[in-house]
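Same order as they appear, the protein sequences are chains A and B.
For the first sequence, my numbering gives the first residue as 430, with consecutive numbering after it.
For the second sequence, my numbering gives the first residue as 21, with consecutive numbering after it.
Source of the hints: derived by calculation from the structure; they are not laboratory data.
Hints are supplied without guarantee of correctness; some may be wrong.
[What the hints assert, rightly or not] Footprint (simulated), chain B over chain A, 3 or more residues, beta carbon under 8 Å: (1) 747-756; (2) 790-797.
[As the list claims (entries may be wrong)] Below are the SDA-like pairs computed for lysine to any residue, each with C-alpha atoms no more than 20 Å apart in a straight line: (3) B/61 with B/90; (4) B/121 with A/716; (5) B/221 with A/751.
Where a beta carbon is used, it is the ideal one built from N, C-alpha and C, also for glycine.
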Amino acid sequence: MKIGSLPALVRTTTFRLALLHASIFILFSASLLAYLYYETAGHMSRQAETELNAEFQELSAAYRGGIDRLNQAVTERSQARGKFYYLLLDGNGQKLSGDFDVLPAAAPAGQVVDVQFEYDARTPDGEPSRLSAEGRISRLSEGGVLMVAYDVGQLGEMNRRISEVVWRSAAVGFVLSLIGGVVISRSAAQRAEQLARTTEGVMAGDLTRRAPVLGSGDEFDKLSEQLNAMLAKLERLVISSRSAGDSIAHDLRSPLTRLRNRLEAGLKDDDGPREALVKSIDDVDSLLETFNAVLRLSRVQAGATGSFRRTDVRGMVDELAELYQPVCEEKELGWVYEAKGELFVLADSHLIAQALSNLLDNAVKYTPVGGAVRMTASHDANGDVVISVVDSGPGIPAQDRERVIERFVRLEQSRSEPGSGLGLSLASAVAEAHSGKLVLADGSGPPGRPGLKASIVLPAA
Amino acid sequence: MKVLVIEDDSDAAAFVKGVLSDAGHFVDVCGDGDSGLKQAKGGEYDALVVDRMLPGLDGIQLMKGYRDSGGRAPALFLSALGEVDHRVEGLQAGGDDYLVKPYAPSELVARVEALGRRATGEIPTTRLAVGGLEMDLLARTVHRDGQKIDLQPREFRLLEFLMRHAGQVVTRTMLLEKVWDYHFDPQTNVIDVHVSRLRGKIDKDFERPLLHTVRGAGYRLEA
Numbered sequence: 430m431k432i433g434s435l436p437a438l439v440r441t442t443t444f445r446l447a448l449l450h451a452s453i454f455i456l457f458s459a460s461l462l463a464y465l466y467y468e469t470a471g472h473m474s475r476q477a478e479t480e481l482n483a484e485f486q487e488l489s490a491a492y493r494g495g496i497d498r499l500n501q502a503v504t505e506r507s508q509a510r511g512k513f514y515y516l517l518l519d520g521n522g523q524k525l526s527g528d529f530d531v532l533p534a535a536a537p538a539g540q541v542v543d544v545q546f547e548y549d550a551r552t553p554d555g556e557p558s559r560l561s562a563e564g565r566i567s568r569l570s571e572g573g574v575l576m577v578a579y580d581v582g583q584l585g586e587m588n589r590r591i592s593e594v595v596w597r598s599a600a601v602g603f604v605l606s607l608i609g610g611v612v613i614s615r616s617a618a619q620r621a622e623q624l625a626r627t628t629e630g631v632m633a634g635d636l637t638r639r640a641p642v643l644g645s646g647d648e649f650d651k652l653s654e655q656l657n658a659m660l661a662k663l664e665r666l667v668i669s670s671r672s673a674g675d676s677i678a679h680d681l682r683s684p685l686t687r688l689r690n691r692l693e694a695g696l697k698d699d700d701g702p703r704e705a706l707v708k709s710i711d712d713v714d715s716l717l718e719t720f721n722a723v724l725r726l727s728r729v730q731a732g733a734t735g736s737f738r739r740t741d742v743r744g745m746v747d748e749l750a751e752l753y754q755p756v757c758e759e760k761e762l763g764w765v766y767e768a769k770g771e772l773f774v775l776a777d778s779h780l781i782a783q784a785l786s787n788l789l790d791n792a793v794k795y796t797p798v799g800g801a802v803r804m805t806a807s808h809d810a811n812g813d814v815v816i817s818v819v820d821s822g823p824g825i826p827a828q829d830r831e832r833v834i835e836r837f838v839r840l841e842q843s844r845s846e847p848g849s850g851l852g853l854s855l856a857s858a859v860a861e862a863h864s865g866k867l868v869l870a871d872g873s874g875p876p877g878r879p880g881l882k883a884s885i886v887l888p889a890a
Numbered sequence: 021m022k023v024l025v026i027e028d029d030s031d032a033a034a035f036v037k038g039v040l041s042d043a044g045h046f047v048d049v050c051g052d053g054d055s056g057l058k059q060a061k062g063g064e065y066d067a068l069v070v071d072r073m074l075p076g077l078d079g080i081q082l083m084k085g086y087r088d089s090g091g092r093a094p095a096l097f098l099s100a101l102g103e104v105d106h107r108v109e110g111l112q113a114g115g116d117d118y119l120v121k122p123y124a125p126s127e128l129v130a131r132v133e134a135l136g137r138r139a140t141g142e143i144p145t146t147r148l149a150v151g152g153l154e155m156d157l158l159a160r161t162v163h164r165d166g167q168k169i170d171l172q173p174r175e176f177r178l179l180e181f182l183m184r185h186a187g188q189v190v191t192r193t194m195l196l197e198k199v200w201d202y203h204f205d206p207q208t209n210v211i212d213v214h215v216s217r218l219r220g221k222i223d224k225d226f227e228r229p230l231l232h233t234v235r236g237a238g239y240r241l242e243a
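Model the full assembly from the supplied sequences, consistent with the hints where possible.
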């Protein structure tokens, strides 16, 4: 993100959160500072207030002895040069004693009133100075006025300093938390930006783009990982449907062309089109079969399968064995079936049965008379459930094993056999849909003609 | 049999009607779900053939409505949707069978006739008999002309299905579905092998064969 793009920054969620965070921080520190102020400056004011009250109490005690007693007390106190300044006037407004000469001009009327005023005084060094004072004026019951005041200059200075500190701290805190917010926001925005760039790239058609994973394990990393997993799956699906499209175009075009030629020839054939029609129906049937197989395969690969249940593999394999054993015997193939242990998987049993049936079809189809087919079901060393179909046919060379799982791929030597070239693709897709895999290996034949061992490996449930 | 076909595609409807009429059935056709439901409730039909995708009321809703109103006629769904969950949905709605398009005409006839038989003959029975062939469903034994025939459990079920549909054509797909509960077609001739083994047991030592192969369609057990 560029520094200049501030409006975009302001729009980001993280920035707003940072701002909110800053505001909460300000509010919090403001309360803290207010408390601090209350406890320091406020305390001093209250302290002065309390002392003033005490002073008045003592003086009213003296006043109970008469105005002269009071006059005496005021004089003593004034001379003692304490914290307070005094003024005592008689009923005629004449000064009796004290530090001031007259009442402050702004003194409000009333029996007992608080006043704030300024006055000219001399410092202890004799320098003239103007001071701020606060005090209380009390009109005496027998005429006369008593004022007690104290200098607030010192106190005021303290208050000012404290509030200044408070405001500065608040300002500094606000700026710092804003800066922090911007920093956090920018790093988060950068990650979001990277994700956005990844998806933009994908939308532009580059399915190999992946979001960066920094390894910090934070939310963005998790999000990136999820996104990458999704993109990987998407890429697989797109590639598979693309190749399906290619394969369909390739594998269906030639039989359709053949069908068309046959029908056309039948039309010209004077002996009657019956023969051509019969063959055409066979062609159409095999086309439909291929088409159904493609659809089923796409459905399985897209994950749109039926519900998975905990399924007893043994029961399923027993039934398939029973279905295929006579077929093998008919073709004079040796047949062995072994199942060991309790074999349960989470599966759509129809799909698994179909996948296994494809493997068995292949084994029966490609194993020559006199060969052998063996089906086994057991746990492997990892505890996974493995169902294998082993034959003694020609096998599949190691370098071709990846390829034959792709759609429509048929090896040269199998072209003469009927089939769509989708059997192993479907078996593999079914295994993958169950979080398992199809493994191809050499079978039970002698070297040179090793046969095939096709195993479906499924996680046990 | 009197059959009601509810199918919106007029070509497909004409095809179904033609196939069933040729097999000797009386066929009425309805082109949409609402009038189809009305007609199914009103007429005395032996079987319904219902397309799954219909304008207005679709096949599933139609079937539910028909069963809710007390309709009893057995019904066969026709659909291009052939996955197991689609079948289950159709059967749960009250259908009795499910045939995926495209299908062979013989398959359609065989299934509709099997439905009609089921509706009339589904009385709990303990004995089945075809010609000299007798099956005791309780003792799980089979005799032909008084001679005991030993069958494997699956062969027994296969023969039971054939005997329950004696005189009708039964297709390979029907056998796979009803006897093995597999809803896919193996590429190898598994069904033929099993049927020929069964034939070896019930027909081999007898003069008159009971189990016939119907070319291009399937099998028929008939005295």
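Hint by hint, here is what the structure shows:
no., hint, in the structure
1, 747-756, "holds (count 6)"
2, 790-797, "holds (count 3)"
3, B/61 with B/90, "holds, 9 Å"
4, B/121 with A/716, "holds, 14 Å"
5, B/221 with A/751, "holds, 17 Å"
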